[in-house]
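Undergrad: Each chain is listed here by its residues.
2 protein chains.
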Amino acid sequence: MLKINGERLWASLMAMAEIGATARGGSCRLALSEDDKAGRELFARWSLEAGMSLSVDPIGNLFARRPGSDPDAAPVMMGSHLDTQPEGGRFDGVYGVLAGLEVVRCLNDLQIQTRKPLEVAVWTNEEGARFTPAMFGSAVFTGIMDLETALAVRDADGISVAEALHATGYAGTRPLGGAVDAYFEAHIEQGPILEDNAKIIGVVSGGQAIRWLDVRVEGMAAHAGTTPMPLRKDALYGAAQMILAIETLATDFAPEGLTTVGELGIAKSSRNTIPGLLQFTVDLRHHRDSAIESMDQEVRARLAAIAEQRQLKVTINPHWISPATPFDADCVAAVQQAVDGLGYAQQSIVSGAGHDAIHLARFCPTAMVFIPCVGGLSHNEAEDVLPEDVRQGTDVLLNAVLAHAGQVA
Amino acid sequence: MLKINGERLWASLMAMAEIGATARGGSCRLALSEDDKAGRELFARWSLEAGMSLSVDPIGNLFARRPGSDPDAAPVMMGSHLDTQPEGGRFDGVYGVLAGLEVVRCLNDLQIQTRKPLEVAVWTNEEGARFTPAMFGSAVFTGIMDLETALAVRDADGISVAEALHATGYAGTRPLGGAVDAYFEAHIEQGPILEDNAKIIGVVSGGQAIRWLDVRVEGMAAHAGTTPMPLRKDALYGAAQMILAIETLATDFAPEGLTTVGELGIAKSSRNTIPGLLQFTVDLRHHRDSAIESMDQEVRARLAAIAEQRQLKVTINPHWISPATPFDADCVAAVQQAVDGLGYAQQSIVSGAGHDAIHLARFCPTAMVFIPCVGGLSHNEAEDVLPEDVRQGTDVLLNAVLAHAGQVA
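Quick mapping for you: the protein sequence lines, in order, are chains A and B. The numbering of the first sequence is our numbering, which starts it at 1 and goes up by one. The numbering of the second sequence is our numbering, which starts it at 1 and goes up by one.
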C-alpha cells in the first residue's frame, strides 16, 4: 500500500492555521471573509504548484483538478472546507482539503497517473457561522438548495452572500453540479468514539437521522411565596420531568439513539415567580429512520402523559428533519479495503455531525474517513489531532481514491 | 361591632385607580413618578378633608395623623403603599392605605375619639419596580436600611431616589422612626389560599422565612450528534433531576414548605450542543426558621448526591436570607377578636409575600389583615377583589385598631 508524506501534510496544516490564527491556538476564517479568501488563495497556490488547474462555481466552491488519462471520465472528488467557526480549530474541514492536496502531491511524487481525473473541492460556508444554513456550498452544488436562495442570505451585518462572493472574487462561472464519479471526504471525528475505543480510522457508513423538535410547556405563573404547592401548575417542574423522560428515551434506544435538550428558556422568568411558560428544544438522532420515527412518537406520548398528570399544556412542533444518509457501498468498501490493507486500527462508525459529504451522498457515490480528535473536542480553539493519525487517515484516503480512480499501468 | 362605609371606600379605590390607569384595567404608578405624586396628592387631600395633619420623612414616607386624647401616647399606625408595578393592579397596597383612611372617616362619622393618636402611612417604593430593593421606605423608617444608601439608589434612567424625592416634593423633614404603638396593615392576600378555602379574612400570624440560593451546574459541553450517551456529562439532564428533587423537598416539608426554581439559564446554549454549564435559582420558604435551615441542608445534600452520581460539579451559593417574622401576639389577638366579634369567615394565615409590615414587625408591635384576591392574581392589571371582601376586611381593621387605640368614653 502507498503512504503519504506526513511531515509535508502537517506543515501545510500548520501553515494554513496561521491564516486567521487566534490567540488561543485556533483559527478564525469566517466564510467569504478576507481570512477565508487568504486561506483559499494559499490552497490555490499550492494546487497550481502541484500542477492542478482551478475552477470556481457561482456559489464559490473552489475545485483543483488533476487530469486523468481518460478524457471522458468523471472526476473522483476529495475535499471538505476551509472556513471555520469564530473560535474554530485548526483541523475541522482543513484536514479534508489538505489531505486531498497531499494525495495529489504524493501521486505526483510517485509519478502515478490515474484513469479518472481527481478533483479537490473547497466547499463554501460549511460552518454556517457567518451565513445560515451551514453547508450551503455543497447544498447548492448538489441541487439541494437553490442558488438564488443562497446568494440572498445575509450575515449579521446585512452583507449578502452575493456581495461577499464578489468582494472576495469567488463568484465563479463553472457550472454547478456535473458528473462526479465518487466523493471521498477525510475529516476529524468531532466526537470521542474512536479515541475511547483506541481506533485510528473510522470507516464511515453514513450519516444518522436527525429530528429537531420545539417543545412549549404552559402552566400558570404565580407568586413563589403565596401559592401552596398543590395549587401550582409549575411549567419548569413539569419540564424537568419531561427532560428526564427524554434522557431515558436514549437509554431505551441505546446505543444508537441520542437525545439532547440544548436550549431552554423560561418566559418572563424571575426568581420568585413560578414558571408559567417555557420552551425547550429536543435533538433526536438514530442510525435508522424507522427508529427515529419511533423515538419521535415516544417523545410525544411521554410528554403528553406528564403534561396531563400535571395539568400542563404541552405543544410539540417539528423544527427540522434530516433522514438517515447511508453512504455508497462500493465507496465504503474502497475505504475498508484500504484500511485493511494498511492494517490500521479501525472500526465502522456513523457520522454524528453534518458534513458536505452528507449532501454529496444524495448526488454521487460517497464515503468518508474519520480520524480521532483529542478528547473528542471540536468547534473549539483547543481542537487537536495527533500527527500520526493525520498521516494514517490520509494513507487510507490515498489508497481508497487510487483504487477508485484507477492507476494507469 | 362597628362597620365601615363600604361604598365610600370602594369609590375611593376606584378614584385612585384612575391615576395612572392602564389600558387593561390596572394602574401604573411607579415609585416617585408623576403619577405616584398625583396618587399621594389625592390621598393627602382626602386626609386633610378628614381633619388629619400631614408629615413627610426624608425617604418620602407620607403620614396622615388624627390626634388622640392622650398627648403623650404613641400613634397606632395603619397603612401600606400607593406605588404599583408597571402593569399593576388596583388594590395591591392601595387597599391598606385607603382602608386606613376609611377607618378615620368612619370614626369621624361616629364622632369617636381615641386615646392614642392614629396615623395612616404611605410607604415609599414598596414594589421595587423602579428602585431596588423593594420596600425601602419602611426599611429606612425602621432603621433596617441606611437613609444615605436608599437616597443614592438610581433607576434605569440614572435618576437617584434623592433627585426623585426633590422633583416630586417628597423629601420631607419629619424625623425617621420614632415611637409607634402598633402597626396594622390590611392587604390583599396575593395568593389563592383564602379563596380556595372560602374564607374572607386572613388573620396573619407573621411572615415566612425565605432563602434564595444560586445553583451552578457544570458538566461538559459537547456535540449532540457525535457524543455517545455514556460519555456525556450533560448539565441539563443533571439539573432536571436536581429540580425534581427540589420539588420533592416541598412535599417532604408539606404543607408549610414551598420550593420554586424561577430562573434557569444555559451558558452558550445551542440546539445541538450538550449543555455544559448552567445556573438556576432556588426559592425556599417555610413558616419556621429551623425548618428552612433543614430544607437548605437537604437541597445541598440531594444536589451533591446527584452531581456525584452524574460526574457533574455543583456549586450552591446563598443569595439572600430572610428569617421568619412572627407578628406581635397582642396585635394578632386584636385582629382575631375583631373578626370573631364580626363573625366573618376567617382563618389564620402566614404572609407569603413581602410587605412593609414585615419591616415594621422588627420595629413595633405589628399585625396584618388579609382579604382574598380573585384567582389569587396580583402584580397584574387583571388583579381584582370583591367589594364585600373589601368591606369586611376594613371592618376588621376598624375594630382591631379601635380596640388597640382605646375609645374615649
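These aren't lab readings, by the way, just hints derived from the structure by calculation. Among the hints, erroneous ones may be present.
No distinction is drawn between identical chains; accordingly, a pair holds when it is met within one copy or between any pair of copies.
[As the list claims (entries may be wrong)] For lysine to any residue, the following SDA-like pairs were computed, each having C-alpha atoms within a straight-line distance of at most 20 Å:
#	residue 1	residue 2
1	K233	D70
2	K268	Q279
3	K37	Q111
4	K268	L278
5	K37	L13
6	K233	T251
7	K268	T132
8	K37	K313
9	K233	P323
10	K268	T281
Nothing here was measured: the structure is a model prediction, and the numbers come from that model.
Undergrad: For each hint, tell me whether it holds in the structure or not.
TA: Against the structure, the hints come out as follows:
no.	hint	verdict
1	K233 - D70	neither (71 Å within a copy, 53 Å between copies)
2	K268 - Q279	both (12 Å within a copy, 16 Å between copies)
3	K37 - Q111	neither (31 Å within a copy, 91 Å between copies)
4	K268 - L278	both (9 Å within a copy, 18 Å between copies)
5	K37 - L13	within (16 Å within a copy, 70 Å between copies)
6	K233 - T251	between (29 Å within a copy, 15 Å between copies)
7	K268 - T132	between (28 Å within a copy, 18 Å between copies)
8	K37 - K313	neither (50 Å within a copy, 42 Å between copies)
9	K233 - P323	neither (37 Å within a copy, 27 Å between copies)
10	K268 - T281	both (18 Å within a copy, 14 Å between copies)
The structure shown violates the earlier hints numbered 1, 3, 8 and 9.
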